Structures are given as C-alpha cells and as structure tokens.
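2 protein chains.
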Amino acid sequence: MSKKSDFSEWYNEVIEKSNMIDKRYPVKGMNIWLPQGWNLMLNIDSYIRKEMEAFNYEEVYFPLLIPETEFNKEKEHIKGFNDEVYWATRAGNNELDIKLLLRPTSETAMYPIFSEWIRSHTNLPLKIFQIVNTFRYETKQTRAFVRVREIHFFEAHTCHESYESAENEIQTELEIMKKVANAISIPYVVCKRPDWDKFPGAVYSLGIDTFMGGRTLQIGSIHQYGQNFSKAYGISFEDKDGTWKYAYQTTYGMSERLVGAIVGVHGDDLGLIVPPSVSPCQVVIVPIYNKTTEQKIKEESKMLFELLKSHGIRVKVDDRDITPGNKFYYWEQLGVPIRLEIGEKEVTKGEYKIKIRVNNEARFIKKSDILQNPYKLFSEIFSEISFIMYKKAKEEFDKSFIDAQDFKEMKEKEGMFKVQWCGDENCAKSMEEQTGMKLLGTLYGHNEAKGKCLLCGKESKDILVYAKSF
Amino acid sequence: MSKKSDFSEWYNEVIEKSNMIDKRYPVKGMNIWLPQGWNLMLNIDSYIRKEMEAFNYEEVYFPLLIPETEFNKEKEHIKGFNDEVYWATRAGNNELDIKLLLRPTSETAMYPIFSEWIRSHTNLPLKIFQIVNTFRYETKQTRAFVRVREIHFFEAHTCHESYESAENEIQTELEIMKKVANAISIPYVVCKRPDWDKFPGAVYSLGIDTFMGGRTLQIGSIHQYGQNFSKAYGISFEDKDGTWKYAYQTTYGMSERLVGAIVGVHGDDLGLIVPPSVSPCQVVIVPIYNKTTEQKIKEESKMLFELLKSHGIRVKVDDRDITPGNKFYYWEQLGVPIRLEIGEKEVTKGEYKIKIRVNNEARFIKKSDILQNPYKLFSEIFSEISFIMYKKAKEEFDKSFIDAQDFKEMKEKEGMFKVQWCGDENCAKSMEEQTGMKLLGTLYGHNEAKGKCLLCGKESKDILVYAKSF
Numbered sequence: 001m002s003k004k005s006d007f008s009e010w011y012n013e014v015i016e017k018s019n020m021i022d023k024r025y026p027v028k029g030m031n032i033w034l035p036q037g038w039n040l041m042l043n044i045d046s047y048i049r050k051e052m053e054a055f056n057y058e059e060v061y062f063p064l065l066i067p068e069t070e071f072n073k074e075k076e077h078i079k080g081f082n083d084e085v086y087w088a089t090r091a092g093n094n095e096l097d098i099k100l101l102l103r104p105t106s107e108t109a110m111y112p113i114f115s116e117w118i119r120s121h122t123n124l125p126l127k128i129f130q131i132v133n134t135f136r137y138e139t140k141q142t143r144a145f146v147r148v149r150e151i152h153f154f155e156a157h158t159c160h161e162s163y164e165s166a167e168n169e170i171q172t173e174l175e176i177m178k179k180v181a182n183a184i185s186i187p188y189v190v191c192k193r194p195d196w197d198k199f200p201g202a203v204y205s206l207g208i209d210t211f212m213g214g215r216t217l218q219i220g221s222i223h224q225y226g227q228n229f230s231k232a233y234g235i236s237f238e239d240k241d242g243t244w245k246y247a248y249q250t251t252y253g254m255s256e257r258l259v260g261a262i263v264g265v266h267g268d269d270l271g272l273i274v275p276p277s278v279s280p281c282q283v284v285i286v287p288i289y290n291k292t293t294e295q296k297i298k299e300e301s302k303m304l305f306e307l308l309k310s311h312g313i314r315v316k317v318d319d320r321d322i323t324p325g326n327k328f329y330y331w332e333q334l335g336v337p338i339r340l341e342i343g344e345k346e347v348t349k350g351e352y353k354i355k356i357r358v359n360n361e362a363r364f365i366k367k368s369d370i371l372q373n374p375y376k377l378f379s380e381i382f383s384e385i386s387f388i389m390y391k392k393a394k395e396e397f398d399k400s401f402i403d404a405q406d407f408k409e410m411k412e413k414e415g416m417f418k419v420q421w422c423g424d425e426n427c428a429k430s431m432e433e434q435t436g437m438k439l440l441g442t443l444y445g446h447n448e449a450k451g452k453c454l455l456c457g458k459e460s461k462d463i464l465v466y467a468k469s470f
Numbered sequence: 001m002s003k004k005s006d007f008s009e010w011y012n013e014v015i016e017k018s019n020m021i022d023k024r025y026p027v028k029g030m031n032i033w034l035p036q037g038w039n040l041m042l043n044i045d046s047y048i049r050k051e052m053e054a055f056n057y058e059e060v061y062f063p064l065l066i067p068e069t070e071f072n073k074e075k076e077h078i079k080g081f082n083d084e085v086y087w088a089t090r091a092g093n094n095e096l097d098i099k100l101l102l103r104p105t106s107e108t109a110m111y112p113i114f115s116e117w118i119r120s121h122t123n124l125p126l127k128i129f130q131i132v133n134t135f136r137y138e139t140k141q142t143r144a145f146v147r148v149r150e151i152h153f154f155e156a157h158t159c160h161e162s163y164e165s166a167e168n169e170i171q172t173e174l175e176i177m178k179k180v181a182n183a184i185s186i187p188y189v190v191c192k193r194p195d196w197d198k199f200p201g202a203v204y205s206l207g208i209d210t211f212m213g214g215r216t217l218q219i220g221s222i223h224q225y226g227q228n229f230s231k232a233y234g235i236s237f238e239d240k241d242g243t244w245k246y247a248y249q250t251t252y253g254m255s256e257r258l259v260g261a262i263v264g265v266h267g268d269d270l271g272l273i274v275p276p277s278v279s280p281c282q283v284v285i286v287p288i289y290n291k292t293t294e295q296k297i298k299e300e301s302k303m304l305f306e307l308l309k310s311h312g313i314r315v316k317v318d319d320r321d322i323t324p325g326n327k328f329y330y331w332e333q334l335g336v337p338i339r340l341e342i343g344e345k346e347v348t349k350g351e352y353k354i355k356i357r358v359n360n361e362a363r364f365i366k367k368s369d370i371l372q373n374p375y376k377l378f379s380e381i382f383s384e385i386s387f388i389m390y391k392k393a394k395e396e397f398d399k400s401f402i403d404a405q406d407f408k409e410m411k412e413k414e415g416m417f418k419v420q421w422c423g424d425e426n427c428a429k430s431m432e433e434q435t436g437m438k439l440l441g442t443l444y445g446h447n448e449a450k451g452k453c454l455l456c457g458k459e460s461k462d463i464l465v466y467a468k469s470f
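Residue numbers (our numbering), protein chains in the order written: chain A, 1 to 470; chain B, 1 to 470.
Hints listed in this document are in silico derivations from the structure and should not be mistaken for laboratory results.
Don't take each hint at face value.
Note that identical chains are pooled: a pair holds if it fits in a single copy or bridges any two copies.
What the hints assert, rightly or not - Straight-line alpha carbon distances no greater than 27 Å define the calculated DSS-like cross-link-like pairs of lysine-lysine that follow:
hint, residue 1, residue 2
1, 79, 452
2, 438, 458
3, 23, 99
4, 50, 309
5, 316, 345
6, 28, 99
7, 178, 392
8, 79, 99
9, 349, 366
None of these values were measured; they are calculated from a predicted model.
The following block holds chain A by itself, in its conformation from the complex (with noise of 0.2 Å):
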C-alpha cells in the first residue's frame, strides 16, 4: 500500500481496511456509512454546529423534495444542474402532477419562502445553515466521499441589506472555513473561481482547495450571489428609507470531502491518520498480559477506561483474544490517535506507555498525572498531534505550492501552479489547454503580480493558480 506510487489505489485501499464505509451498495456512487465513518462525520457536523452557533447562524431543515415549478424559476441555476438531478416522478401508483426533484442544492427550496420571510430591513440579516443528505446524477467516475451520488452535506445561506454587508459575511464565512480545517489540520488555498466556472447563478465563487494525491480537492466553497436569486425569487425588504429593494446573498457549501481530505491528506502508508478533534476513538487502551498478569492488567485498564471516559475523552479498551501486535496493526490502519499500553511493567512502575499514530513517537505518562486531571493531560497531547499533523501537512501542501518558471516544469512536477498573468481571459484559458490543468482562479485576499504573463508576455496583473484536480 504505497500513497506515493498509485494515489488512487491507496485512497480505495485505506478506506477499505479502516471499517469507514461499505461499498457494497447496490447503486452506484451511493456507499454505507458503518459506524468508524459516520461518527466521524457526525464529529464534524458537531463541531461545524457549534462554530455556527458562535458566529449567529441558525439551524433549520427544508425538505428534499423542490417542485420543477420553484426549480425553474432560476434560468442560471438550472442550467448548471440540470443534467445531475435526480426527479421522482411517481408516488404509490400515480403519476405525480407536478415532478419533484431532489435537492442537489437548497436555493430553489428555500428561497421561495425567504420571499414570504423577507419584509423589512428588520428581518436582515437572516442567517441560516443545514446539515442534509443531497442528490447528484455524476457521469464521472465515483470516488468515495469525493465524488458520490448521495452527498452529506452542509450548507449556509444569508440574506443582507446591502453588498457591502454580504461581502462581510463572506468574511465571516472564510473565518468559519479556516476554523473548521485547522480543527482538522487540513491546509488549503481560497481562489476566485474564473467566471466561466463560477457557481449557477453567482456574481463570484470562492473555492477553497486542499491538495492530496497530485490534485487538488474543493472541499468548501462561499458564494457572493448579489441579487441574481432575490430577484428571481422576489426576495425583496422595506429599507429604513422606505424604499423596496432586493436583498444581497451568500451562500457556503461543504460537504463529506472533509473527510476524504483527512483521508488523502494525512494518511500513510499504514493506513488513515486521523484528528484526534474528530476522531471517534481519541485513545486506545492494549492490555498486554499472560495468564499470570491478565486479571490485573485487565482490570487496570478498565480502570483507566472509565477514568477517561467519564472525563469526556473518546476512549476504546481493545480486549479481543488477539496478540498485541494485530491490535497495534488493527489500529493503526484505523488512525487513532494515540495508543496507550498496559503491561506489567507499565503496572509496576505506574508509568504508561503511549504511541502516537501521526509519527510513530512513543511517550511514557505517569499514572499519577493522569489520575490528577486527565482531561487537561490528554487535551494538551490532542493539541500537540493536531500541531504536529498541521505541520506535516502544510510542509507537502507548500512543497506543492509552486510558482511556475515555464510550461515544461508544470507538465512535469505534480502540484499547484502559480502563474502570473496579463488579466486576459484567452491567455487564462489558453494555459487550461496547453497545460492540461484546471484552473482554480485568481489567488484570494493578495495579489502577488510581478514580471510577465507566462503565456503572452505582457506585464503581470494577477495570479492564477492551475492545478490537476479531483
């Protein structure tokens, strides 16, 4: 299982032996969620909820369920969806009057009320997210959690008085979005999606990208929207001088490729590495014992077990009739953080023996510090892995990060590419072609021009940033 060699089969691979998803299902790009990759997820979603929370969000369910009627209304918007979504037609024995699509998305679903919402300036800003199941007819070749037919995804919609008060909330947003990947210690690039791969129905789309495995990945994405939808969905306010206007809005995607970036970008050779912020087990307790020691050692480690879980640690004792290292190799393909052992000798001199995944350290911890306030000793280790797995990470990401001499060196290298460039469109899309990459836009919030568009010459205006992607 080599990550280096063949990305790809890796990827497939450490999924496969680390219990997160069955791939069995009977439908394509539609995977089983078992227990290891579901409370991951729902790790996530909990701290996303909880960062919402803090920054005035509200959280609210509409249905999956959007009447053609309502989906039509956006002429952009359908036109970039329409050939992914899923429409059922049928109810019991009838033919349904009106055809139901399901949500690959919640504009069309919310946005019809937020009209009815929407009177006054008093109502703005609105603020709300949901966490929901989606729907998306892919041609392409599925990936799990990259690119799947049933997506778990999140998603955030504002509505505000002005654009200036909606280009705020995109930095509200970008804040939430940093939040959230350092909590997983996922690095990442936010660029100004170019126009003609802008969002259905967005005045501009920011992308933010991870990279793994040679290509990047968009795991989150914040869209200023001006009025485009409000006007065809008659979102409109009374403003504190009485006159109606139309209100400005964002929108913030994301989705379970968090999860496949914390697949692709921490993991090894071994297998996955996982956060300990999210991970559904942050410590494994391995008893090592023979007849003599078993009943101490056993009892000794569900001692500790309940020591920590009643101090709100995510903590497993792994008493299976195996040896030791099966166990260590079991856990390690599943990514927990942090390995304790419990041996005779750990019993005798009251000192523990750790291991931590992320790079193979081992660590001894006094028993009496753990007794005293475990909850401080293993939040500041959990800090420490997220540093460490932070810092690994950004090294490959920047590594990656290249700035681009000739067209030569970006067929040739694996990575993102940043490109100066004149600010004309031809020569942007041009590079698309001869490069054979995707371009991810303009790099967001600096502006890095100097010297010479690569591909015409003139004089520098921007940068662009091409890569390969998922």
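Given chain A, work out where chain B should sit, using these hints.
Chain B only, in chain A's frame:
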C-alpha cells in the same frame, strides 16, 4: 385557543405560534423545520443517541435510494408499502434502468448487505441504528409531526442467533423506549398489535401509544421479525455446532411524532410546554428596567447569561425593546420551562424571581446560590419540572384509560378502553366495527382478564385496548 374544545385547531395554532415549523412549503405534507423546532428534534436525537450507545448499538447511515429489485424480495413488506412509496425514475435526461424508491423504512436497503456482514455466530448480535429522512406518500389528511410525507425517522435493526435472543433484545428496546419517553415526560401504553395490523413482514408488532386530544398517537413500534426477512434476504450464519441457520431479527422505530407528543400531551391554552431535558432554551432571562436602571440590569442579565451558558445550561436573554409583558407572553407560547426575571428589586435584594411554565409557579432564588453551583441548582429544578410534567400527563392518561363496561360508554366518553375478550378474532373485529374505534391490540406484558367477553359473553381470556387514533 382552547385545547379542550377543539384539539385539532388548538394543535395547529400552538405549532403556528411556537415557530417550530413553517407550513408554507409548496409540497403537501412537507414542512420546513425552523430553528425552534429543529433544535428540539436534534436534542431528542442526542438523547436517543446517548441511550443507544449505552446499550451497545452502533450508528450507521444507509443510502436513501433503494433499487426496486431489492425492494421486491420481501413480498409481505412490499404489499404494505407499495401504495405509499415515492419513486425516482429519472436522473438528468435519462430514464433510470432500475427504478429507485425513496426509503419508507430501510429493511430492504439494509438486509441485502446484512447477508454479507453476517457469516458466523461470532458476527452476532448485530445491533445498529440510524436517524434519517424517510418518505411516505400519505393519502390521509396530513398533520404536522403526526402524519407527514417526509419523516424525520429513527430506526434500529438487530440480528440474533436465536428467537430467545431476539426476544431479549425486544425487552432492551422497551427499556430504551421507557427512558426516551421518561426524558420527555410522556406516558404510554404498550400493546401487541392484532395480527391483521402488524408491520408488513413481522411475526408480531408492539405499538407504543400515548394519548392526546381524545386519540392515541403511536410514538414508537418494536417488531419481532423472526426469520421472515432473513430468509428472503439470505441472512444466515454458521452456528457453534457447524449448522447454518437464518438469523432472527428485530426492529425498533420512533420518529418526529415524539415532537408531536410533546406538543399535544403537554401543551396548554397558552401554548407549548417543552420538557427541560430537550428544550432548545431551558431558561430565558427577562431584564425589567427603566431608563435609570437600564445599564445596571442589562449588565446583571449579561453576567448571569454568561455564567449559566458556561455551565452548559441552554439560556437566552430577551433584551428586545418590547414590554416585559409581551416578552412573558412570547416565551410562554414557546414553552420555555423557566423564566427568570431581573429587575431593580431583584438586583438590590440579590434574589431572582423565576416562573415555572408548567404550573405557573413563582419562586425566588438567591443569587448567591446560583453563583455557587448553577449547574446543580438548575438541574434540580429541571428534574422537578420533568416530574411535575410527567405527573400531570400521567394523571390525564390514567383518567382516560377506562375499563369498558358497555359499548354505550365507549361511544360517549373520550378515552382508551380496556375491553374483556374471549380470544375470538371475530369478536375483536366486530367490536372495532361497532365502536368505530381502532383496536390497538392486547395489553402487553400483563394479562388483566377477568369476567366475560364484552361482546359474546364467553369467559374473558385477555384484554383488548380500543381507542380513536391519529
């Protein structure tokens, strides 16, 4: 708004005023969950998750869409659902080769894979659950939380080596049901459904019903499947003695009807009354001030808010610019368990006034007591409130649970009627027709037979329960 005189109208009005859902979604029977309702549902889910984990169930997520081919494997089951499933027949511009149904429940999604997971007795018991959206094309009149077309649904599925082991699991499931119902102070009765009303494919079905507005509401169901499904889906295992056997299965279901029960059982003419265990807001602080005292009182409110929040209490401050009376009214409608008032007098005396929603009782709490251990103090009041709510609901429930003396009484009174029964199916069905009531089944777990069958006069062998039902 009178619960007594017109329950249906009252129920709709309470929901309307409590901001739990928006009914204006343009598909019949599909409502929008607003933050107030959705957070209540999520809190119930959290409680259920905690209990399921304690009883060694693992959480999974199976795809929503089920191929027609899998669905067709269990004939009884299809017969029961065929008239009420939604079908996805198209994706993009293509007709699907194999039609996909939107799960009405997940037996036919899960069991083909169970046959892969289960090979040996060492794979048993298998105990999983999921919390998902399910779909039923209801033709009867829809009612918020009670009869909807997209249902927020909980389903547990287990597989066992023997019928006895499956029977034991049913006792565990009843235990969990009891804990969930207790947590939301809802009284209920368990009946074994008559054979002609059991779940499609089950050996027998237990219905868990509460009572509100003169009708029973099924809030949970537990099914013994025996080997009916395992034979259809080939779920077999090699037993200790080397023989191959089909697994024995149970399921346990609950849904958003738990929210419906909270509304209908606890609510009063002022509005909702939400159990503190699951209320999105447990304590609302209402500052009462004039221009002179405004700053001081707002600061005190803020201080208390931060304190309670930091101790894990779900608390809000209502600092809107409306009269205290309007605020009181507003939070009463929403059913927040405790209102805490802070005015000039309260600050001076170091003593806050609280008002308990369920019985309108006023109390005074010393600020110093709150500061000392806010979590303990409020937890105790929450427990007390839960107990009062349960007692009140149980009295009402017991009063409505009537030993039927004759059919006339059953037609005149509102209630659930225990009827002596000879054991003949014809008598049971005939009484259903005569009274216009639904037969819930036989009282489960205790036999109170005495005297004579209410219809034919032969010796009573068991008790039947009849009621009008939602």
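Original post:
Is it within a copy, between copies, both, or neither that the alpha carbon of residue 316 lies no farther than 27 Å from that of residue 345?
Top reply: within (21 Å within a copy, 53 Å between copies)
**OP:** Classify it for me, residue 79 with residue 452: is the Cα-Cα distance of at most 27 Å met within a copy, between copies, both or neither?
**Re:** neither (37 Å within a copy, 71 Å between copies)
Subject >> Within, between, both or neither, where residue 28 and residue 99 count as close if Cα-Cα is 27 Å or less >> reply: Result: close both inside a copy and across copies, 23 Å intra and 13 Å inter.
Subject >> Up to 27 Å CA-CA - residue 458 versus residue 438, copy category >> reply: within (22 Å within a copy, 83 Å between copies)
Subject >> Homo-oligomer pair classification [residue 99, residue 79; C-alpha up to 27 Å] >> reply: both (17 Å within a copy, 25 Å between copies)
Original post:
For the identical chains here, do residue 50 and residue 309 meet the 27 Å Cα criterion within one copy, between copies, both, or neither?
Top reply: Answer is both: 22 Å inside a copy and 13 Å across each meet the 27 Å cutoff.
Original post:
Between the shortest in-copy and the shortest cross-copy C-alpha distance, which are at most 27 Å for residue 23 and residue 99: within, between, both, or neither?
Top reply: between (30 Å within a copy, 20 Å between copies)
Subject >> Homo-oligomer pair classification [residue 392, residue 178; C-alpha up to 27 Å] >> reply: within (17 Å within a copy, 49 Å between copies)
**OP:** Please work out whether the CA atoms of residue 349 and residue 366 approach to 27 Å or closer within one copy, between two copies, in both situations, or in neither?
**Re:** Within one copy only: 9 Å inside a chain, 50 Å across chains, cut-off 27 Å.
This entry does not satisfy hint 1, going by the numbered hints stated previously; all others are met.
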